[in-house]
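*Asks:* Okay, here's what each chain looks like letter by letter:
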Amino acid sequence: MDLEYTPEQNAFRAEVRAWMEAHVPRTPLKTLEGREGYDQHVEWERTLASGNWGMVTWPEAYGGRGLDLIRWLIFEEEYYRAGAPLRANQNGIFLLGPTIMEYGTDEQKARFLTPMAKGEVIWAQAWSEPNAGSDMAAIRSRAVRDGDHYVISGQKTWSSRAAFADWCFGIFRTDPESKRHKGLSFILLPLDSPGVTIRPIRQLHGETGFAEIFFDEVRVPVANRIAGEGEGWNVAMATAGFERGLMLRSPARFQAAAKRLVALYKEHAATASPAAHEAVLQAWMDAEAYALNTYAVASTVIAGGHIGAEASLNKIFWSELDRAAHRAAMSLLGATAELRTLPDGSANIWQEGYIFSLSGPIYAGSNEIQRNIIAERLLGLPR
Amino acid sequence: MDFRFTEDQLNLREAIRDYLAGEHTPEVLRRLDVEGGRDAAIWDGLIGMGIGGLLVPEAQGGLGMGLIEAVLVAVELGRANVSEPIADTALVAAPLLGEEEQAKIAAGALKVALAHPINPWIADLDSADLVLGGGGAHSAPTDPAPLDTVDPLRRLFAPIACPADDTLLDRAALISAAQLIGGAERMLELATDYAKTREQFGQPIGSFQAIKHHLATVAVKLEFARPVLWRAAYAAQQRAARTPIHISHAKVAATDAAMLAAETAIQVHGAMGYTYEVDLHFWMKRAWALAGAWGDRAWHQRRIEAAVIGGGMTIGPETTFASELNHG
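One line per chain: the protein sequences are E and A, in this order.
Residues in the first sequence are numbered consecutively from 758, following my numbering.
Residues in the second sequence are numbered consecutively from 515, following my numbering.
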């Protein structure tokens, strides 16, 4: 065990810090959920790519720097320290990218990964359907083979980024006779394909964030399928593992929130409830614990280990930590919590954060599903 | 930066775990419960495994290991619910004593009770040769009168006045936290095993989501308490400036994991969990005992609060690990 950063790691941190200080926008971008803010965030992705910071862990051949997970954690720490914008391409770089890296052909890697790292193509997810949420194996959208194309019909929903994104990835039923997990295939397609209709869904906070996608006989080349026909479920489970696992929610994100929460507590200490006081300290401890666990898991992965169902432990911990921290902030703000714009003219980021945190225990597989996975795969309880 | 144990450390843990699983079974706990809690043969076995000399330098007949190894061993002592005063003597007191006492501890010929004003009692005074507190070690009194306590295998006595010793407190809190983690792991296993075999409505109760979710919540709590403990051990080993804060965090996290594991395990066992017949109660009571010892949750949380809210200690890479970010 060696819990010190090496001189090389410290030098890397300094390099990231200097670049972020020079490039992170001085004024906060508009919300990623609206057109103007989306365009600003895509612009930021391209700025990142100009510094070769698109995805530091990817091989250099695909627009990365070939760095290990400890460097990635350092990068993220500096990213959040600088208050850099949300990643518009989170679906691409954290979910689809690793999936293509593992299951894609060389041709697919060359075609999709580099534009992803460079922020040239922004990706949406197309997984859930109106009747296939937690029960994802109930998927009905079908892709019928017609020569060297699939003809896709059906409906997807809760598709993050779909309102403005360029492409989507999802699983579709390629064998019409199949049931449940069998006969599904993992397919990528441009959202401006003829026959695609997108209907944004207004979210809890009033903005559009995710969307429904309707497919009406959309023709997609077979070459856009990742892995074999009928292997979509296994590929999707790997993608879901990436989503719940190490990369989607880096510890720096929660450490930054805990730091702001402590500052908020100091402003409101005189009126804080004992429960909020307790929750602030708990949020600080949990953010710290999440960072420690992530470094421990990253060390194991670097040494050749891998994360399986353990990813579900992670997903529960960060999502419930995030909700509790923002709940505490709302409590500290008291009656001010209901304002969307604070008297000083700034946005009430705690309210935005609290509303967003409510989605954490639901997306990427609800925490109830995660608890089933832990019980069955890690503890060995019967189905 | 490499947050993993070495092969040697993992082998040590496995050897101690296997030994205790074979020699320190629940049947042994039941025998000790009837016979009065201590057994010279168990003590000799622990010394034979090298635990007495774990932290004693090789020149004094020990293994010359450090606090990371001590914490790994203490987790296993907690998992097996060992009641001999080996953790206090070998894993807390030994490195704080002189060479002569260390040699005796390595050989199993000296037992130490720990005194500190934070504890309103003192454990294992009856079997102790020495009492270690602030201001040094003294001979233990003869024939102290035991207190009536909830843990049938723990022996407590009226306190001995002495000054506070911060190092002693921190080391003892760290080793208590490790034992709490081990106990929590064992309680989760006991409850999981029971849920796999106990049938109601024609199927194992562990197939029901209500039971699954209870146990999964404990698994999450434990998963995120363990690395907090490891980091505290590493910091203590390095004598890092923030060691007391890291140890307090470990004690709080371990206490929360153990208390949740205990309450969940009894609930999963149903009425059987409320009986003396089921082994669970030995671990549950040890969890209650260690939760209050060497600074309870409130005490350790106040120490964290003093640093984080009172002292402006930040969160992030500057403070998460042992040394300063730009150290050297």
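Source of the hints: derived by calculation from the structure; they are not laboratory data.
Keep in mind it's a predicted model, so treat the numbers as computed, not measured.
Using N, Cα and C, we set each Cβ at its ideal position, and we do this for glycine too.
Errors might be hidden in some of the hints.
Stated by the list, open to error - Okay, the calculated bits of chain E under chain A, using three or more residues with CB under 8 Å as the criterion:
hint	segment
1	841 to 851
2	870 to 880
3	980 to 988
4	1014 to 1024
5	1041 to 1049
*Asks:* Against chain A, does the segment 1014 to 1024 of chain E show at least 3 residues with beta-carbon separation below 8 Å?
*Replies:* This one holds; 5 residues, not fewer than the three required, reach chain A with a Cβ under 8 Å.
*Asks:* Are at least 3 residues of the segment 1041 to 1049 of chain E within less than 8 Å of chain A when you compare beta carbons?
*Replies:* holds (count 9)
*Asks:* For the segment 980 to 988 of chain E, does the count of residues with a C-beta closer than 8 Å to a C-beta of chain A reach 3?
*Replies:* violated (count 0)
*Asks:* Please check whether the segment 841 to 851 of chain E has three or more residues whose CB lies within less than 8 Å of a CB on chain A.
*Replies:* The restraint on the segment 841 to 851 of chain E is violated, since only 0 of its residues have a Cβ under 8 Å from chain A and three are required.
*Asks:* Please verify the coverage claim for the segment 870 to 880 of chain E: does it have three or more residues whose C-beta sits within 8 Å of some C-beta in chain A?
*Replies:* violated (count 0)
When held up to the earlier numbered hints, the structure conflicts with 1, 2 and 3 and fits the remainder.
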